[in-house]
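Assemble the complex: chain S is given as a structure, and chain R must be docked to it using the hints.
Residue numbers (the working numbering), protein chains in the order written: chain S, 1 to 506; chain R, 1001 to 1150.
The hints are simulated quantities; they were obtained by calculation from the structure and are not laboratory data. Some hints here could point you the wrong way.
[To be verified] Below, simulated BS3-like cross-link-like pairs (lysine-lysine); rule was C-alpha separation at most 27 Å, straight line:
#1 S/Lys485 <-> R/Lys1060
#2 R/Lys1060 <-> S/Lys424
#3 R/Lys1082 <-> S/Lys484
#4 S/Lys240 <-> S/Lys98
#5 R/Lys1060 <-> S/Lys486
#6 R/Lys1082 <-> S/Lys385
[What the hints assert, rightly or not] Now the stretches of chain R that chain S is said to cover, found in silico as 3 or more residues with beta-carbon under 8 Å:
#7 1024-1037
#8 1041-1052
#9 1092-1106
#10 1109-1115
[What the hints assert, rightly or not] Interface residues of chain S toward chain R, partial, derived using beta-carbon atoms under 8 Å:
#11 Leu162
#12 Leu215
#13 Met388
#14 Glu487
In this text, all values refer to a predicted model and were calculated from it rather than measured experimentally. A virtual CB, placed ideally from N, CA and C, is assigned to each residue, including glycine.
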Amino acid sequence: MLLDGFLSVMDWQYLLIVFLGVVLGYVVGALPGLTATMTIALLLPFSFGMTPVASISMMCAVFVGAMNGGTLSACLFQIPGTPAAAATVLDGYPLAQKGEVGKAISSATVASFVGGMVSTIALILFSPILAKVALKFSAAEFFALAVFGLSIIASIAGKSILKGLLAACIGFFVAMVGMDPITAFPRYTLGTTQLMNGLAFIPALIGLFGISEILVYMDKSYQVTQKIKTDIQTKLITWKETKGLMGIMLRSSVIGTLIGAIPGTGSDIAAFISYNEAKRTSKNPEKFGTGCLEGVVAPEAGNNGVTGGTMIPLLTLGIPGDAAAAVMLGAFLIHGLQPGPKLFVENTDLIYGLFAGLIIANIFMLIQGLSFIRMYAKILELDTKILMPIILVLTVVGAYSINNTLFDVFVALFFGIIGYFFNKVEIPVSPIVLAMILGPMAEENLRRAVILNNGSFSFLYDRPITVAFLLLAVLSVFSSVWSKKKERAKTIQAPPDVPQDTRKTS
Amino acid sequence: MRIIQYGFGVMMIMLAIFAAILSRDFVNMGGGDIGPAAFPVGVSVLTIFLSLLLIYSSWKDPALVSRVREVFTAYGLSRVGKTILLLILYFILMAYLGFLVSTALFLIGFLWQTGVRKWATILLVSLGTTGVLYYVFYFLFNVQFPTGTL
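So that you can see chain S by itself, here it is in the shape it has in the complex (with noise of 0.2 Å):
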């Protein structure tokens, strides 16, 4: 099946959009200021224009390239480019100071495909055997995993778990404008036809993390002057060292899968504590901080162990773990596909397409890693002056292009406004995001489970899946509170010392 599905991507088209999709998630990646997430946002228009296959795996590709990508500004500039390069700076920019920069790049570089490789072996071997289980739920079991999809948002909600579940709660109200799932009853569409089909999906992912992005830039002027000088030396990590640092990058690229296939979590999370991991076990503990490779190693292997990680309950169940997949999402949708255990019957070429294309993703950014790492420290002396025009303008391009309608570029700045104004004020925008996916899930497979119960509300109690999935949501709601206390009275003890942009989302 995997080699149907890499010869079904054994096209010079194919090959080169994914060679693309790694070259700009490492360049986004790179430049504090840029996210990944918001390049998958803007690039779901282009999707109209290719196979879902090659769509997809583009999206996935740029999501590749931005985890290594945020190591170059860690490591030259004490700035991690993604918060999943946040841990990567504590022993990379301290050997980059040693003049060890090109040894500091291609090692991360070198782990970041080792961890991409892992998790993608784990998503090609554990999301069939997860779809095939998923496949016998019904609505109650879909409406109970829907919940507990939700109660992800109580830990990706940053500072404030309340102000994180209120934004979910303008992303359910969101998801209600248009016709009801069931009965098709026009909901506050307040009598415009434009609003009966709901307020559409692309141009408020587009608003909410491309126009939002550019207007905080807008604001913080002090980065409009920014221009930065880079010199690097290209000395390589060794194949020696390479076979020494193997067992590590292994270690941390399993735990970066696990953790990346729990929703909620995120590449920042794998990163440290493949960190913690790899400075409690090492037998020079004392090294780490001071510029050691495993120090550099074991973070970035640990966040590409997240990019398959995710991807498993994203394909196998339908719940987007993080805000990237929440937006990769939309390129399914796009191709009126639903993620979910019956894409693993109804579209295997898809399915077998992607997994190929991840692992071809992964090559390509090894080899562009190690090949460009001085042609790439150009990258941030770009002028974000001229580049953020041209991303608003591609923003009203993305969301004019969806339904050619200028309404829904209108809907794109409004979001974009509201994105704004929630990032000033520590309002997550992610839990809209995935309350306008998981919201009508949840309502829709509720009232066909109370349907098919003649108007009983008693599978949630007597059907055990479903009330698995709700006491894991509950659990998590609840362990996501305690850590969010925990953190904030470690906070109040020790500020931390690692700079990082608190704008990106990954």
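Quick look at chain R alone, frame taken from chain S:
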């Protein structure tokens, strides 16, 4: 920050009340269905509860000391406001002048606003971007851009 959180809480309560009032007109077709109003009402109740909780916790939180003007600076707001105005003007112009002219004009205006003063750069970026996007989306993806009424 406290005042912002109060404001957010109040706005969410108003939104929830508005949604709940409108949902009274949603008709349940029966047949064991809980109806199209059940979910909106449930979300409205949840929103009101969470908003009240946010207002209460903001009132009790001693850490919320930052002032509104520290979060929103006059300079930042003015730049953002100008960008939004430029965008709205761009969308309106697109309906009259079409995609090509309005996009080029918007890019010239935007680049000027961000402090780019070299006309060669401004013209190259604005005309180049417009041309490339038009070619890709119109010729390759068959997107029908507005041609303008003028």
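Exercise. Is the straight-line distance between the alpha-carbon of R/Lys1060 and that of S/Lys486 27 Å or less?
Worked result: Given pair R/Lys1060, S/Lys486 holds - Cα atoms ~19 Å apart, limit 27 Å.
Exercise. Close enough to count: is the Cβ of S/Leu162 nearer than 8 Å to one in chain R?
Worked result: holds (5 Å)
Exercise. Would the pair S/Lys240 and S/Lys98 pass a check requiring their Cα atoms to be no farther apart than 27 Å?
Worked result: Holds: S/Lys240 and S/Lys98 sit about 20 Å apart, inside 27 Å.
Exercise. Holds or violated: is there a CB of chain R closer than 8 Å to the CB of S/Met388?
Worked result: Nearest chain R Cβ about 7 Å off; hint holds.
Problem set entry | Given hint S/Glu487 near chain R, where the shortest CB pair must fall under 8 Å | violated (14 Å)
Exercise. Taking 27 Å as the top limit, are the C-alpha atoms of S/Lys485 and R/Lys1060 close enough?
Worked result: holds (16 Å)
Exercise. R/Lys1060 and S/Lys424: Cα distance at most 27 Å?
Worked result: Holds. R/Lys1060 to S/Lys424 sits at ~21 Å (cutoff 27 Å).
Problem set entry | Pairwise hint evaluation, S/Lys385 against R/Lys1082, where the allowed Cα distance is 27 Å at most | holds (15 Å)
For this session: Report holds or violated for chain S covering the stretch 1041-1052 of chain R, Cβ cut-off 8 Å, minimum 3 residues.
Result: The restraint on the stretch 1041-1052 of chain R holds, since 5 of its residues have a Cβ under 8 Å from chain S and three suffice.
Problem set entry | Hint validity - S/Leu215 Cβ closer than 8 Å to any chain R Cβ | holds (5 Å)
Problem set entry | Whether chain S covers the stretch 1092-1106 of chain R (at least 3 residues having a Cβ closer than 8 Å to its Cβ atoms) | Answer holds; 4 residues pass the 8 Å Cβ test.
Problem set entry | Coverage of the stretch 1024-1037 of chain R by chain S, judged on three or more residues with CB within 8 Å | Result for this restraint: holds, n = 8.
Hint check: violations occur at hints 3 and 14; the rest are consistent with the structure.
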